[in-house]
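Colleague: Single-letter residue listing:
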Amino acid sequence: MKSIFKMELKRAFCNKLFLLVVVVGCAMATAAFFTTNAWVLTKAWWFDYLPQTQQGQLMASKVQTMDTALTLWMPNRGSGSPFYYLFITILPILAAIPYGASYLTDKKSGLVNQITVRAKKRDYYLSKLIVTFLNGGAVAVIPLLFNLLMCMCSLPLGKPIYATLFYPVKDFHVLADMYYTNPVLYLIIYFIFIFFVYGLVNCMCLTFTYLEENKFAIILTPFILVFSEYVLLNYGLRMGNYALFWCASLFYFEKRAAAAVVCQLVVLLAAAASYLIRIKKDVL
Amino acid sequence: MKKRRKIIIPVLLVCLAAGLAAWIGYVNSGIFPSTKIYMVAQGEWMENETTKVRVNKATLYNKEQWESYIKSQGIKKESQFVEENKDMGYSMSYSEDNYYILVMDIDICNTKEEEQKILPESCITLTNGIYSRGMYKDTYYSSVLQGGNGKSVYRIDLKPNEEAGAKCVYVFEKCPEEFALERLALGRNQRMKLNVEWAGETNEG
Chain A
1 MKSIFKMELK
11 RAFCNKLFLL
21 VVVVGCAMAT
31 AAFFTTNAWV
41 LTKAWWFDYL
51 PQTQQGQLMA
61 SKVQTMDTAL
71 TLWMPNRGSG
81 SPFYYLFITI
91 LPILAAIPYG
101 ASYLTDKKSG
111 LVNQITVRAK
121 KRDYYLSKLI
131 VTFLNGGAVA
141 VIPLLFNLLM
151 CMCSLPLGKP
161 IYATLFYPVK
171 DFHVLADMYY
181 TNPVLYLIIY
191 FIFIFFVYGL
201 VNCMCLTFTY
211 LEENKFAIIL
221 TPFILVFSEY
231 VLLNYGLRMG
241 NYALFWCASL
251 FYFEKRAAAA
261 VVCQLVVLLA
271 AAASYLIRIK
281 KDVL
Chain B
1 MKKRRKIIIP
11 VLLVCLAAGL
21 AAWIGYVNSG
31 IFPSTKIYMV
41 AQGEWMENET
51 TKVRVNKATL
61 YNKEQWESYI
71 KSQGIKKESQ
81 FVEENKDMGY
91 SMSYSEDNYY
101 ILVMDIDICN
111 TKEEEQKILP
121 ESCITLTNGI
131 YSRGMYKDTY
141 YSSVLQGGNG
151 KSVYRIDLKP
161 NEEAGAKCVY
171 VFEKCPEEFA
181 LERLALGRNQ
191 RMKLNVEWAG
201 ETNEG
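Here the protein sequences line up with chains A and B, keeping their order. Heads up: the first sequence begins at 1 in the working numbering, then just goes up one per residue. Heads up: the second sequence begins at 1 in the working numbering, then just goes up one per residue.
I should point out that these hints are in silico values taken from the structure, not numbers from a laboratory. Certain hints may be false.
Claimed, not checked - Calculated pairs, DSS-like style, for lysine-lysine (alpha carbon to alpha carbon, straight line, at most 25 Å): (1) 3/B x 6/A; (2) 10/A x 215/A; (3) 16/A x 193/B; (4) 193/B x 159/A; (5) 10/A x 193/B; (6) 6/A x 2/B.
To be verified - Computed, partial: chain B to chain A, Cβ under 8 Å: (7) 35; (8) 37; (9) 185.
Just so it is clear, CB atoms sit at the ideal spot from N, CA and C, and this is done for glycine as well.
Model the full assembly from the supplied sequences, consistent with the hints where possible.
Modeller: Shown next, in the form of structure tokens:
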């Protein structure tokens with residue numbers, strides 16, 4: 001198991017496509033920083049407030065609170081940026097590009113036969129599932145983390161203050177108390193949650209190899225599933241804030257949507273696990 | 001070449017991570033105003049550039065307690081005041097079916113080197129815990145409790161370093177579980193957890 005897992009990890013992460021996707025994600029994160037108020041605020045604090053220019057002195061007398069890295073962060077301030085929206089919209093496709101269709105490629109090239117002759121079938125399929133999950137999660141998290149680091153290099157992390165109304169998390173959002181009292185822990189949970197969601201979404205590529213044998217269709221499958229659910233719920237039932245696409249960012253995850261999101265995650269988990277049925281059924 | 005690359009890339013990555021950590025440390029080292037919220041005990045001063053405020057007592061009334069209190073003080077009910085001054089365009093921000101009133105006895109001190117006309121309730125923000133939802137300041141009761149006529153907001157004239165007492169009245173239809181006061185000032189954000197006494201537990205009401 002260990003050697004197959006290691007091999008699959010290497011195929012997923014030491015991969016030019018993975019690097020390309022991460023670079024594209026980070027480029028969008030950078031563009032989101034420079035095309036929103038994040039850059040304007042950074043300039044104001046660094047080039048006016050710190051050198052105490054006339055503008056800076058006026059700012060110090062008028063402004064009541066210090067902006068923080070969380071104010072600038074892409075899912076918060078950057079949500080006004082088309083680059084953030086583009087990133088979050090095409091994220092299921094980006095996550096699937098490096099490794100989503102690898103099982104299909106292995107199958108078509110006959111590599112599955114080669115591997116399963118030398119190792120246990122169970123180990124191969126399980127490794128494939130875990131690595132697809134990790135790969136999808138990593139593609140989702142790295143650009144967000146990159147943008148957060150950019151923001152942390154610009155302004156101090158600090159504690160958000162509800163009264164300023166600079167922050168999107170309201171008392172009806174999940175873990176809102178934690179956001180205002182322990183933002184570091186909240187951020188850790190934010191990253192774990194989005195990693196988990198896009199990891200599972202990426203596993204849909206494996207599940208759908210049962211039904212589809214076209215590589216491009218497989219790569220598009222997670223996007224079609226996630227986005228069509230959002231469109232259906234939002235435009236059909238006016239319940240867009242219950243969709244996984246919406247709630248994947250904890251900032252917008254409302255408490256009343258918790259049960260619906262848990263159900264969606266359970267369905268995804270079951271669908272991902274159904275891929276393992278192949279261990280017994282796959283015809284070599 | 002491959003061997004050299006194997007050494008150079010990790011070394012570069014470690015240097016990059018160390019540089020990044022050092023820069024983030026510098027940004028967070030206090031070159032910018034703090035975003036920390038300083039907790040202030042009830043009875044201590046909350047300060048900003050122009051004034052400082054201290055809460056002596058906070059008393060909470062339910063509808064019945066409040067109505068009997070204002071009756072004993074000879075103060076008209078707000079609804080009666082609004083009815084009598086219909087032409088002035090006054091209105092009420094709450095329903096009289098059920099409501100709660102919080103009265104804060106505060107001291108205000110002018111910390112500026114010039115005379116100031118101060119509106120007491122604008123010096124602080126009353127919130128429900130961490131969610132600083134603006135609670136309605138009742139300008140009518142705030143005014144009449146301090147000897148005003150209720151028709152205009154009550155302001156205090158304070159000379160430099162002069163201190164005066166004031167009453168701030170807040171009204172809400174749903175009683176919050178906790179109260180806090182906030183004062184946001186660049187680098188000196190302060191919050192005070194308010195110990196509220198029910199009117200029945202005090203001599204008032």
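Colleague: Which numbered conditions among the earlier hints are violated in the structure presented, ordered from lowest to highest?
Modeller: 3 and 5
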